[in-house]
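Visitor: The residues making up each chain are set out below.
Protein chains: 2
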Amino acid sequence: MNYAGKRVLVTGGLGFIGSNLAVRLARDGARVTIIDSAVPGCGANWHNLTPCLTQISVIKDDICALFAHRKAIEGTEIVFNMAGEISHVNSMRDPVRDLQLNTTSQLCFLLALREICPGIRVVYASTRQVYGVPQFLPINESHPINPIDFNGIHKHAAASYHRLLTASGDIDASILRLTNIYGPRMALNIPEQGVLGHFFRRALLGQDIELFGDGKQVRDPVYVDDIVEAFLLAGARKGLPSPNMNVGGRDALSLEEIARILVAEGAGQLVYRPFPEGHKSIDIGSFSTDNSFIRETLGWEPRVPFASGARLTLAYYREHREHYLP
Amino acid sequence: MNYAGKRVLVTGGLGFIGSNLAVRLARDGARVTIIDSAVPGCGANWHNLTPCLTQISVIKDDICALFAHRKAIEGTEIVFNMAGEISHVNSMRDPVRDLQLNTTSQLCFLLALREICPGIRVVYASTRQVYGVPQFLPINESHPINPIDFNGIHKHAAASYHRLLTASGDIDASILRLTNIYGPRMALNIPEQGVLGHFFRRALLGQDIELFGDGKQVRDPVYVDDIVEAFLLAGARKGLPSPNMNVGGRDALSLEEIARILVAEGAGQLVYRPFPEGHKSIDIGSFSTDNSFIRETLGWEPRVPFASGARLTLAYYREHREHYLP
Chain C
1 MNYAGKRVLV TGGLGFIGSN LAVRLARDGA RVTIIDSAVP GCGANWHNLT PCLTQISVIK
61 DDICALFAHR KAIEGTEIVF NMAGEISHVN SMRDPVRDLQ LNTTSQLCFL LALREICPGI
121 RVVYASTRQV YGVPQFLPIN ESHPINPIDF NGIHKHAAAS YHRLLTASGD IDASILRLTN
181 IYGPRMALNI PEQGVLGHFF RRALLGQDIE LFGDGKQVRD PVYVDDIVEA FLLAGARKGL
241 PSPNMNVGGR DALSLEEIAR ILVAEGAGQL VYRPFPEGHK SIDIGSFSTD NSFIRETLGW
301 EPRVPFASGA RLTLAYYREH REHYLP
Chain U
1 MNYAGKRVLV TGGLGFIGSN LAVRLARDGA RVTIIDSAVP GCGANWHNLT PCLTQISVIK
61 DDICALFAHR KAIEGTEIVF NMAGEISHVN SMRDPVRDLQ LNTTSQLCFL LALREICPGI
121 RVVYASTRQV YGVPQFLPIN ESHPINPIDF NGIHKHAAAS YHRLLTASGD IDASILRLTN
181 IYGPRMALNI PEQGVLGHFF RRALLGQDIE LFGDGKQVRD PVYVDDIVEA FLLAGARKGL
241 PSPNMNVGGR DALSLEEIAR ILVAEGAGQL VYRPFPEGHK SIDIGSFSTD NSFIRETLGW
301 EPRVPFASGA RLTLAYYREH REHYLP
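These protein sequences, in sequence, are chains C and U.
The C-terminal residue of the first sequence carries number 326 in the numbering used here, and the numbering is unbroken.
The C-terminal residue of the second sequence carries number 326 in the numbering used here, and the numbering is unbroken.
Calculated directly from the structure, the hints in this document are not laboratory data.
On a predicted model such as this, the values are computed, not experimentally measured, just so you know.
Where chain C lies over chain U, by a calculated footprint (3+ residues, C-beta under 8 Å): (1) 88-99; (2) 146-155; (3) 159-173.
Just so it is clear, CB atoms sit at the ideal spot from N, CA and C, and this is done for glycine as well.
Construct the entire structure; sequences and hints are all you get.
Guide: Below you can see the structure in the form of structure tokens.
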């Protein structure tokens, strides 16, 4: 896995996972181009690229406008396709916007990409949300797809485009279904982006952490460096036997256990609250990932325990606080 | 199941199945409104409504413009949601158009509908195409969803909207996954609309019928009157235990057997051809439907054998030929 000199494109590269990946690639000597429209609310933050900004070329545009940047894109060898909106809340509030960002833009992007870079290797960032309420745990890639929000429906349609265009030989895509990710460069001022960002924000501010219900719902958070490693491993391979790949499963911790670790790192107290009206119907209960396919296929291994990752994350935000909590 | 006096809305009611349903509803005394944009290539034909045109109110507009027709829609009791593009070929040629017709329009329609008619009963016309290549036969509703074309991806996203908005109580939808349907009012001059319309056209013209490969691929065609019955049964019920329902499974016939029946009814000869280049990769092989769920839940029973249905179909087109083969 040697990215030195490789021409790579990172869509959504100003966002959380995309920027961590772009910075790592630049440090490894890759020639990195980012395309990102910096839609408000999706986590784009120029500060995320600070360590390597001069080494990375950034196209500030929607991915659906790829043809307009044909010259800059030609010759790309690998695409890491991270662009999109991940907010469950926003997707329920404005499903048409979510459709545009997650499905329509992706379709136009891929149709342009197959013209400009036929057969290209693509690694797409999908989500565990496509599974909906778990019918068994841990969830493997054969679990039924039953998203319980618009975001999941739209991300899954985009994943299906990747699968379809891979079957037809137009591109060569892998689809990584990501569990809850945390780490440096996550947006802390967008509560809709998920429970972990919200928890870290409160830890950073020394505030209490609220748990809904009994807090026993399990998650399997993964530190962003481990996720970046999964993308790098997937990007370096071609023609994998199956496009879908779960990425998760380091630790299975209850939200209460996660919150307790953050209390030890500076948050206030745990506060238990009843589920708000209507929220329970969209609660998926516990979630944990069967990651045996990616372990066996790519040799991936999530290395960072949550307690260590939490410490690294808070150290980053304490140093760069003004860029994440302005 | 009594539709007399009921206010029903049929989207896509100028098309094949929609018009058969609308005519039947009007004859049963329902107060029928159609909304149909008559997009070229989707099978809309004003002649389809001839027997009952004066009893049916037609809004010629895209379903996504529902709010503009709020006054006409208020008070609707049941929606039969048949609007969409069914062509595999067109969806591969212009996936963005297919996304607009089958997904974006449906999303806007349903978001408007939940405002105008909260909790309303909706029966959505989905398709066996969402299953993709069968992993087992006959296919039941638990079969994995793996559409192998853009049409299937987009129809499935729209079906997922129905499922999601039913789970949240905004509407009360059933999703009928239809097998190959044939009968009066099918478009004969749009070859992209499927193999059966194409076969009937050739039978009507006394032309030879081409079979690709050995013609042994099985289908389970259903006569449109049986399909109309399934929609009427589903529309008359509320709160079914599961939204997805296969509709098919009267006869399992090979394409060769289907073609032989049409030869007996006036087509020329059978002609065997090799699969055209690139076609084999999107061939799903044989298909047959496990319809036990709809049988048990609604008491539905497909009654018309293919040979009888074929005769009825050809008789209709011989009488109305100038409206279908201009």
